[in-house]
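Asks: Place chains B and C on chain A using the hints.
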Amino acid sequence: MTNIENKIFSAYQRDSALYDEIFDEDGTIKQVYQKLFNLYGEHTIEDYVKLNSKAKSSFFNQGITFQVYGDKETKEKIFPFDLFPRIIDPEEWEVIEKGSIQRSKALNLFLWDIYHDKNIIRDGIVPMDLISSSVNYLDQMNGIDPPGGIYNHISGIDVIKHKDGKYYVLEDNIRCPSGVSYVICNRTALKRALFGVFNHYQTYSVTNYAENLLDLLESVKPKGVDIPNCVVITPGMYNSAFYEHSYLAKTMGVELVEGRDLFVENDFVYMKTIKGPEKVDIIYRRIDDQFLDPLEFKSDSAIGVPGLFAAYKKGNVTLANAPGTGVADDKAVYTYMPQIIKYYLGEEPILNNVHTYHCSRPDELKYVLEHIHELVIKPVDEAGGYGISIGNRLTKSEIELVKAQIKASPRKYVAQPIMSLSVHPTYIDETEEFEQRHVDLRTFTVLGKDKEFVLKGGLTRVALKKGNLIVNSSQGGGSKDTWVLKNK
Amino acid sequence: MLARVANNLFWMGRYIERSEHIARYLNVNYFSSLDAPNQLSQSRQFVLRSMCFMVGDPELDDDKILLEENVLYKIGVDHNTPYSIINNVKLARENANSARDLISTELYEAINKFYHFILNYDSTVFVKNGLHDFTLNITEMTDILRGKIRGTLLHDPVYAIIMLGINMERATQIIRIINAKYNDALNSQGSYGDKFSKSFEWTTLLKCAESYDMMRRYYKKTPTSVSTLEFLILNPNCPRSIMNSLNQVYRHIKVLDSTTNYNKNSTAFLIGKVRSEIQFKHIEEIECNIQTFIENILQNLSEISLKMENEFFNY
Amino acid sequence: MSLEYTITYSTKNTYENIVHSAHWQFLIIPETNETQDFVTTNFSNSLAAINEFSINGYGFNTIRVNPRKAFQEITFTAEFKVVKKEINPFKFNLSDNSKLDYQELDSLNFKVDFEQYLKNTPFTTLPDGTNGLFQLDYSKSIFENLTNLNQWTYNHIYFKVDVTNVHTILEDIITKRHGVCQDFAHLFCAIARAYQIPARYVSGYLHQGNGYFGDSQMHAWVETYIPNVGWVGFDPTNNILVAADHIKVCHGKDYQDCAPLKGIVYSEGQNETQYSVQVISQQQ
Chain A
1 MTNIENKIFS
11 AYQRDSALYD
21 EIFDEDGTIK
31 QVYQKLFNLY
41 GEHTIEDYVK
51 LNSKAKSSFF
61 NQGITFQVYG
71 DKETKEKIFP
81 FDLFPRIIDP
91 EEWEVIEKGS
101 IQRSKALNLF
111 LWDIYHDKNI
121 IRDGIVPMDL
131 ISSSVNYLDQ
141 MNGIDPPGGI
151 YNHISGIDVI
161 KHKDGKYYVL
171 EDNIRCPSGV
181 SYVICNRTAL
191 KRALFGVFNH
201 YQTYSVTNYA
211 ENLLDLLESV
221 KPKGVDIPNC
231 VVITPGMYNS
241 AFYEHSYLAK
251 TMGVELVEGR
261 DLFVENDFVY
271 MKTIKGPEKV
281 DIIYRRIDDQ
291 FLDPLEFKSD
301 SAIGVPGLFA
311 AYKKGNVTLA
321 NAPGTGVADD
331 KAVYTYMPQI
341 IKYYLGEEPI
351 LNNVHTYHCS
361 RPDELKYVLE
371 HIHELVIKPV
381 DEAGGYGISI
391 GNRLTKSEIE
401 LVKAQIKASP
411 RKYVAQPIMS
421 LSVHPTYIDE
431 TEEFEQRHVD
441 LRTFTVLGKD
451 KEFVLKGGLT
461 RVALKKGNLI
471 VNSSQGGGSK
481 DTWVLKNK
Chain B
1 MLARVANNLF
11 WMGRYIERSE
21 HIARYLNVNY
31 FSSLDAPNQL
41 SQSRQFVLRS
51 MCFMVGDPEL
61 DDDKILLEEN
71 VLYKIGVDHN
81 TPYSIINNVK
91 LARENANSAR
101 DLISTELYEA
111 INKFYHFILN
121 YDSTVFVKNG
131 LHDFTLNITE
141 MTDILRGKIR
151 GTLLHDPVYA
161 IIMLGINMER
171 ATQIIRIINA
181 KYNDALNSQG
191 SYGDKFSKSF
201 EWTTLLKCAE
211 SYDMMRRYYK
221 KTPTSVSTLE
231 FLILNPNCPR
241 SIMNSLNQVY
251 RHIKVLDSTT
261 NYNKNSTAFL
271 IGKVRSEIQF
281 KHIEEIECNI
291 QTFIENILQN
301 LSEISLKMEN
311 EFFNY
Chain C
1 MSLEYTITYS
11 TKNTYENIVH
21 SAHWQFLIIP
31 ETNETQDFVT
41 TNFSNSLAAI
51 NEFSINGYGF
61 NTIRVNPRKA
71 FQEITFTAEF
81 KVVKKEINPF
91 KFNLSDNSKL
101 DYQELDSLNF
111 KVDFEQYLKN
121 TPFTTLPDGT
131 NGLFQLDYSK
141 SIFENLTNLN
151 QWTYNHIYFK
161 VDVTNVHTIL
171 EDIITKRHGV
181 CQDFAHLFCA
191 IARAYQIPAR
201 YVSGYLHQGN
211 GYFGDSQMHA
221 WVETYIPNVG
231 WVGFDPTNNI
241 LVAADHIKVC
251 HGKDYQDCAP
261 LKGIVYSEGQ
271 NETQYSVQVI
281 SQQQ
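Protein chains in written order, with full-length UniProt numbering: chain A, 1 to 488; chain B, 1 to 315; chain C, 1 to 284.
If you're looking for bench data, these hints aren't it; they were derived computationally from the structure. Predicted, not measured: the structure shown is a model, and the values here were computed from it. Certain hints may be false.
Stated by the list, open to error - Using 25 Å as the maximum straight-line C-alpha spacing, the simulated BS3-like pairs for lysine-lysine come out as follows: (1) Lys264/B x Lys307/B; (2) Lys99/C x Lys85/C; (3) Lys111/C x Lys314/A; (4) Lys223/A x Lys314/A; (5) Lys264/B x Lys272/A; (6) Lys148/B x Lys250/A; (7) Lys275/A x Lys113/B; (8) Lys449/A x Lys35/A; (9) Lys449/A x Lys221/A; (10) Lys111/C x Lys412/A; (11) Lys207/B x Lys275/A; (12) Lys264/B x Lys56/A; (13) Lys264/B x Lys54/A; (14) Lys69/C x Lys275/A.
Next up, chain A with everything else stripped away, as it sits in the complex:
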């Protein structure tokens, strides 16, 4: 507490048990934050409150909102945004970037393998159970060579900084990772509100995501296509991520389609335009596997395209991400990532994995049941932070309930030690003060044919509730602009 003489931080409570991103243990401000700290210090908290509400209404007017469905009416909400940015210095970023690429590539090779020869299972590195009991493993993908050999074109890797100051991966999201549009909106909002601060730092731009994405998607066009026609497919405007879908289509300069805009004829995909049918070659799909094609998967899907999978199997269209990538998104696969990286790339993992206990293994199950109060229990096939139980936050009866659930279907759960996510000063509406809040970082990696791209920024997600460790927006999380510095 000692060194803080800054007006805006005068009431900042620092818990020394937590890793604070901007203060050292003894309370001195970290070097990269020094200038920012001083610049923000020139403002009073009242100034900040004003800027904050301006930023909010700017999000509203830009329509960067998501729908929340209530009992009576649907409400539009903005994704809470914090005006105090997170800074990542070049050396740290290099680790994150290299680590993200390494993981994405390893996951891609893993996917190719498990949908072809399955050598990693034959060699006993991962158990067969990982695919045979995974709901996300698609038998139909067996033997299909996706165009360009890429499955996980877009990966969202969630990393955290632990107490020890090292980065750990919490999750690999390779189904339809979302959030990239917020990275860009956050930057825009911060520039509008506090443009002056950008003069003092050399920060990488984040607006080049769309062009890189399109470039890499076009590199995995189907065979025989000269100039590919790419589209983004969305479940529709009522989807909570619709803003992002439209943003991506707009910035890539491609059509944003719904299932009903497409049809399949002779195993080629077409969209219905005002000038008649137009062939589609690459589909960046933001709908889940099971809804892609009602003739092949869930027959009651009204958002898919009948016959799409046949067109894909015949190699006439690229789907990004490929169907069936969800199997590697499984939290049980996560636990094998160090071995998977070593097996395919012959490298040591650059980013750490959090140690994970498999409830499917009897000895580990026993450990989990005995130490549940110091573990985080996660269902293996849920996204969005749903179904997570944090052992030391549970009441006695809740613990018993969770134990019963694990025992009933052990394959469904994994457990990890409770990681202490680093904290970052975050402006809190209720108290009108800066407080410590836990943060993580979602990075966005795009794989193309023989090239890759990592967005130099990523989405810093903040758990806005005090002490909360779950940062997902569906669980009341917010976000911050994230600066990757070009030099220190």
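Replies: Structure of chains B and C alone, referenced to chain A:
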């Protein structure tokens, strides 16, 4: 461009235009009635009935006393009446939402602001003393939207489709307003020697179409039934006239349909035909049977709309 | 010697209200394999909509139909001619050491190779406490055991139509002991897989000339993989080995993978389906 999205753009244009006409109709009728020269035109009931007639929901019971607050609420900000201004703006925005990747950020932000303005407008203030402020804001905001449409979009098929929507709707609304005011002029003639052809309602009609000043400049005389109808229907230089709207529709359909071949089944052919029929009409022909003329025009417009839908928006 | 079959498949769908949009996918074309040569196919629909010949996710031949106009009734008619080799179902060499075969079942490579046909699906999951329904006799060869399983399934369930449907799961079949060919096939698959023997559900046509069960609909049976032999077909509905009367269309994990007709119809109200299959043989 996707057929579905084209449909969205078309309707976005229509809903923007429609909300403007309804707002101005409320404003002009209400405020010009306050100092109208005859008693009937001054009557609150007369004005409220005219408003209901214009939005297509006429009050059929002659004896019923309409409450001003109810009527204003219903037409202005009621989420439950399909023709209310708030619903039109909501639909304009929904259509903009699904075509969001095609329109400019500037246009989208303006529509979005417009929507939030109406959504947050206090409805009790509106029905008590906010009518002027509310409707003025709406007409100004739609002007901003038209400015953004013209100034921030590439003049390509996206623009052409929005303009088609705007002009189709304009022709429709103007004819509906003519219909409503013609009806009012018929009803308000009588006791004070106020002849139909010199009715005060013609002035109101011109103001409803924001054409009063233009008309005065052109004819330099007090508006009569003939001069008003001639101006609003046939004058190609009046931006609000039916003639001008159809000329615009024809111009923009040509952007979508660039074929020069003779095709009697195309939308462009039908529009051209309707346009030419009006172009070579004179006002005496129209005036002697205005009711039939209005019905024919509405029928023609809906045929054009249907054909357009089948040719371009079918998905 | 070979047999020539003519198969006619027809279905008529009638809807209470007008249908504005519909998609169908037929999985009814006989496959070409060592014992059957697929000769000709004729497919038509009453609306003269385009019939698109394609494949499904497992590579089997399909026909997709998507009428681009509104309708209330549609009829599909298919005629296939297939030449089938007369085969002796027992004509293979059983290995003399069945112990090695059981070991093979247990090897990791074998399990990986046949992963798809070893895992359980909702249709082939045995209810709790039914593991002992059928006992494998390890002193006998795998083939003998499967023949016994074929007989056991045949005896355990009584063929009866209209008591089960395409959604019936094994629990109902085991307790009620009634079912049709797909129920027999599901039960057989479930038990074989419980003993680590790869088993796949087969959909096809049965020539009924010999008085077999199978109704005048499509038929279902099972293929199991026996180490050193290959895939061997069993028809538990009739307690026979699969032979020249069985004309195969496709295989999969269960009925879901093999459904002869999938349809997505956008319409409200009731609909009615009439459907018939006929298999006629001409000896060549």
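Asks: Now look at each hint and say whether the structure bears it out.
Replies: Cross-check of the supplied hints:
no.: 1; hint: Lys264/B x Lys307/B; result: holds (12 Å)
no.: 2; hint: Lys99/C x Lys85/C; result: violated (33 Å)
no.: 3; hint: Lys111/C x Lys314/A; result: violated (28 Å)
no.: 4; hint: Lys223/A x Lys314/A; result: holds (10 Å)
no.: 5; hint: Lys264/B x Lys272/A; result: holds (24 Å)
no.: 6; hint: Lys148/B x Lys250/A; result: holds (18 Å)
no.: 7; hint: Lys275/A x Lys113/B; result: violated (33 Å)
no.: 8; hint: Lys449/A x Lys35/A; result: violated (41 Å)
no.: 9; hint: Lys449/A x Lys221/A; result: holds (9 Å)
no.: 10; hint: Lys111/C x Lys412/A; result: holds (22 Å)
no.: 11; hint: Lys207/B x Lys275/A; result: violated (40 Å)
no.: 12; hint: Lys264/B x Lys56/A; result: violated (54 Å)
no.: 13; hint: Lys264/B x Lys54/A; result: violated (56 Å)
no.: 14; hint: Lys69/C x Lys275/A; result: holds (20 Å)
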